[in-house]
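Asks: Each protein sequence line maps, in turn, to chains R and B.
If you're matching positions, the first sequence starts at 1 in the numbering used here and goes up one per residue.
If you're matching positions, the second sequence starts at 1001 in the numbering used here and goes up one per residue.
Don't take every hint at face value.
Said to hold, decoys possible - Each computed SDA-like pair below joins lysine to any residue, with the alpha-carbon atoms no more than 20 Å apart: (1) Lys-1109/B with Pro-108/R; (2) Lys-1042/B with Arg-111/R; (3) Lys-1042/B with Thr-86/R; (4) Lys-1101/B with Arg-111/R; (5) Lys-1071/B with Asn-1003/B; (6) Lys-1109/B with Met-88/R; (7) Lys-53/R with Thr-86/R; (8) Lys-1101/B with Pro-61/R; (9) Lys-1109/B with Leu-1040/B; (10) Lys-3/R with Lys-1022/B; (11) Lys-1042/B with Val-24/R; (12) Lys-1109/B with Ile-1048/B; (13) Lys-53/R with Gly-1098/B; (14) Lys-1037/B with Met-88/R; (15) Lys-1042/B with Lys-53/R; (16) Lys-3/R with Gly-1098/B; (17) Lys-1022/B with Pro-39/R; (18) Lys-71/R with Thr-5/R; (19) Lys-18/R with Glu-62/R; (20) Lys-3/R with Met-27/R; (21) Lys-1037/B with Pro-108/R; (22) Lys-1042/B with Thr-5/R; (23) Lys-1042/B with Arg-68/R; (24) Lys-1037/B with Thr-1069/B; (25) Lys-1037/B with Thr-5/R; (26) Lys-1042/B with Pro-61/R; (27) Lys-1022/B with Gly-42/R; (28) Lys-1109/B with Pro-61/R.
It should be emphasised that the hints constitute simulated quantities derived from the structure, not laboratory data.
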Amino acid sequence: DVKVTQSSRYLVKRTGEKVFLECVQDMDHENMFWYRQDPGLGLRLIYFSYDVKMKEKGDIPEGYSVSREKKERFSLILESASTNQTSMYLCASSLIRRLAGETQYFGPGTRLLVL
Amino acid sequence: GENVEQHPSTLSVQEGDSAVIKCTYSDSASNYFPWYKQELGKGPQLIIDIRSNVGEKKDQRIAVTLNKTAKHFSLHITETQPEDSAVYFCAASHLSGGYQKVTFGTGTKLQVIP
Chain R
1 DVKVTQSSRY
11 LVKRTGEKVF
21 LECVQDMDHE
31 NMFWYRQDPG
41 LGLRLIYFSY
51 DVKMKEKGDI
61 PEGYSVSREK
71 KERFSLILES
81 ASTNQTSMYL
91 CASSLIRRLA
101 GETQYFGPGT
111 RLLVL
Chain B
1001 GENVEQHPST
1011 LSVQEGDSAV
1021 IKCTYSDSAS
1031 NYFPWYKQEL
1041 GKGPQLIIDI
1051 RSNVGEKKDQ
1061 RIAVTLNKTA
1071 KHFSLHITET
1081 QPEDSAVYFC
1091 AASHLSGGYQ
1101 KVTFGTGTKL
1111 QVIP
């Protein structure tokens, strides 16, 4: 079974802090994604990566950056956390880049509270 | 860009009844339509999907239908059980610039009342 793990289930941070969210997948997937999930808004794509050291902006990249130094690991960085970044963050991975019909496998999520 | 609308946002049904969730999409290039189930405290998990060359797909108590002309697709759950209670997301996907582009609906919270 594909397994996607996220470093923390819950995080509480202060406004202005730098925050790192880590995601690891164990199935050699090419694609990795970061979403945020908010009530009534569904899942919105922040960034995705289709290869090591490659990244592409999603629909809401402002205030975030990412890093993919190894194929299995994709990190989301909040350079200076703000209260409007309080949310559930979901990491996902999928196998092949050039295929539209690919299942995304999700981690359990990190619930971030910024005070 | 693609826009996916999902209705209803909440749905309560009696155990044993059927539940239907509907989605519409805007981009005719979308050709893959997955449905995800998210249980409390977990990430979404794929439960069924359909491709644009198929009108209907069934897997036990779950079925999905697709009307490409109207840009509608729906999830049908029959003989609902309490363990079906969860949040369900539809999505529409297509290749864009060489990348898989997936747009999710806003979710439906399904409650099955025993």
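Asks: Would you mind confirming whether the straight-line C-alpha gap from Lys-1022/B to Gly-42/R stays at or under 20 Å?
Replies: With Cα atoms ~15 Å apart, Lys-1022/B and Gly-42/R stay inside 20 Å; holds.
Asks: Decide if the proposed pair is consistent with the structure: Lys-1109/B and Ile-1048/B, CA atoms, cutoff 20 Å inclusive.
Replies: holds (17 Å)
Asks: Are the Cα atoms of Lys-1042/B and Thr-86/R separated by 20 Å or less?
Replies: Between Lys-1042/B and Thr-86/R the Cα gap is close to 18 Å, so the pair holds against 20 Å.
Asks: Mind checking the alpha carbons of Lys-1037/B and Thr-5/R for me, to see if they're no more than 20 Å apart?
Replies: The given pair, whose Cα atoms are some 18 Å apart, holds under the 20 Å limit.
Asks: Holds or violated: Lys-1022/B and Pro-39/R, Cα atoms, limit 20 Å.
Replies: holds (18 Å)
Asks: Hint check: Lys-1071/B vs Asn-1003/B, CA-CA at most 20 Å. Holds or violated?
Replies: holds (11 Å)
Asks: If you draw a straight line from the CA of Lys-1109/B to the CA of Pro-108/R, is it 20 Å or shorter?
Replies: Distance of about 18 Å is within 20 Å: holds.
Asks: For a C-alpha distance cap of 20 Å, please report whether Lys-1101/B and Pro-61/R respect it.
Replies: holds (15 Å)
Asks: Could you grab the alpha-carbon distance between Lys-53/R and Thr-86/R and see if it respects the 20 Å cut-off?
Replies: Violated, at about 27 Å.
Asks: Keeping to a limit of 20 Å between CA atoms, is the pair of Lys-1109/B and Pro-61/R held or broken?
Replies: violated (27 Å)
Asks: Taking 20 Å as the top limit, are the C-alpha atoms of Lys-71/R and Thr-5/R close enough?
Replies: Judged against 20 Å, a Cα distance of about 14 Å means the pair holds.
Asks: Against the 20 Å threshold, does the CA-CA distance of Lys-1109/B and Leu-1040/B hold or violate the hint?
Replies: holds (11 Å)
Going down the numbered hints, you'll see the structure goes against 4, 7, 10, 15, 16, 23, 24, 26 and 28, while the others check out.
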